[in-house]
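Participant: Sequence:
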Amino acid sequence: MLLAPLIARFVRALGLEPEVGAGEEEGGIPRVAVEELPPEVGDTLGLIDRGGPFPYARDGIPFGNREGLLPPEPPGYYREYTVPTPGAAGRGAQRIVTGAGGEAYYTGDHYASFHRIR
Numbered sequence: 001m002l003l004a005p006l007i008a009r010f011v012r013a014l015g016l017e018p019e020v021g022a023g024e025e026e027g028g029i030p031r032v033a034v035e036e037l038p039p040e041v042g043d044t045l046g047l048i049d050r051g052g053p054f055p056y057a058r059d060g061i062p063f064g065n066r067e068g069l070l071p072p073e074p075p076g077y078y079r080e081y082t083v084p085t086p087g088a089a090g091r092g093a094q095r096i097v098t099g100a101g102g103e104a105y106y107t108g109d110h111y112a113s114f115h116r117i118r
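Counting with the working numbering, you get residues 1 to 118 for the letters of the sequence shown.
Please keep in mind that the hints were generated in silico from the structure rather than gathered at the bench. C-beta atoms are modelled at their ideal positions from N, C-alpha and C, and glycine is treated no differently. Do not rely on the hints blindly, as some may be mistaken.
[What the hints assert, rightly or not] Just the calculated beta-carbon pair ranges, DEER-fashion:
no., residue 1, residue 2, range
1, 93, 46, 15 to 23 Å
2, 30, 93, 16 to 24 Å
3, 92, 46, 16 to 24 Å
4, 75, 39, 31 to 39 Å
5, 33, 57, 25 to 33 Å
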């Protein structure tokens, strides 16, 4: 239904969403505590909170949500950051995607799935 995303965005904007705990799902996206993920996830969140400096030139670029797995938002709403993966060549598959509303999502499989971490 076309109204569902608009209603969900309106409800979020008003701050009416209930708190969701780790392990629960929000909009079909499971939540996970940062402490349950590789330590590099927490390190990267700290860099994001401080505004950098980031180790990769592509950190902070807009994330287009082409997969459609995150809640629909206007272009430019989401940003992506690399989570260093020990032993991986290049940037590896782990990322954090943040939203302009303060939410953050983790993917360990290069956008095939997401967990909400805040």
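Participant: Next step is simple, just say for each hint if it's right about the structure.
Facilitator: Each hint, compared with the structure:
no.	hint	result
1	93 / 46: 15 to 23 Å	holds, 21 Å
2	30 / 93: 16 to 24 Å	holds, 18 Å
3	92 / 46: 16 to 24 Å	holds, 18 Å
4	75 / 39: 31 to 39 Å	holds, 32 Å
5	33 / 57: 25 to 33 Å	holds, 30 Å
In this structure, every one of the numbered hints holds.
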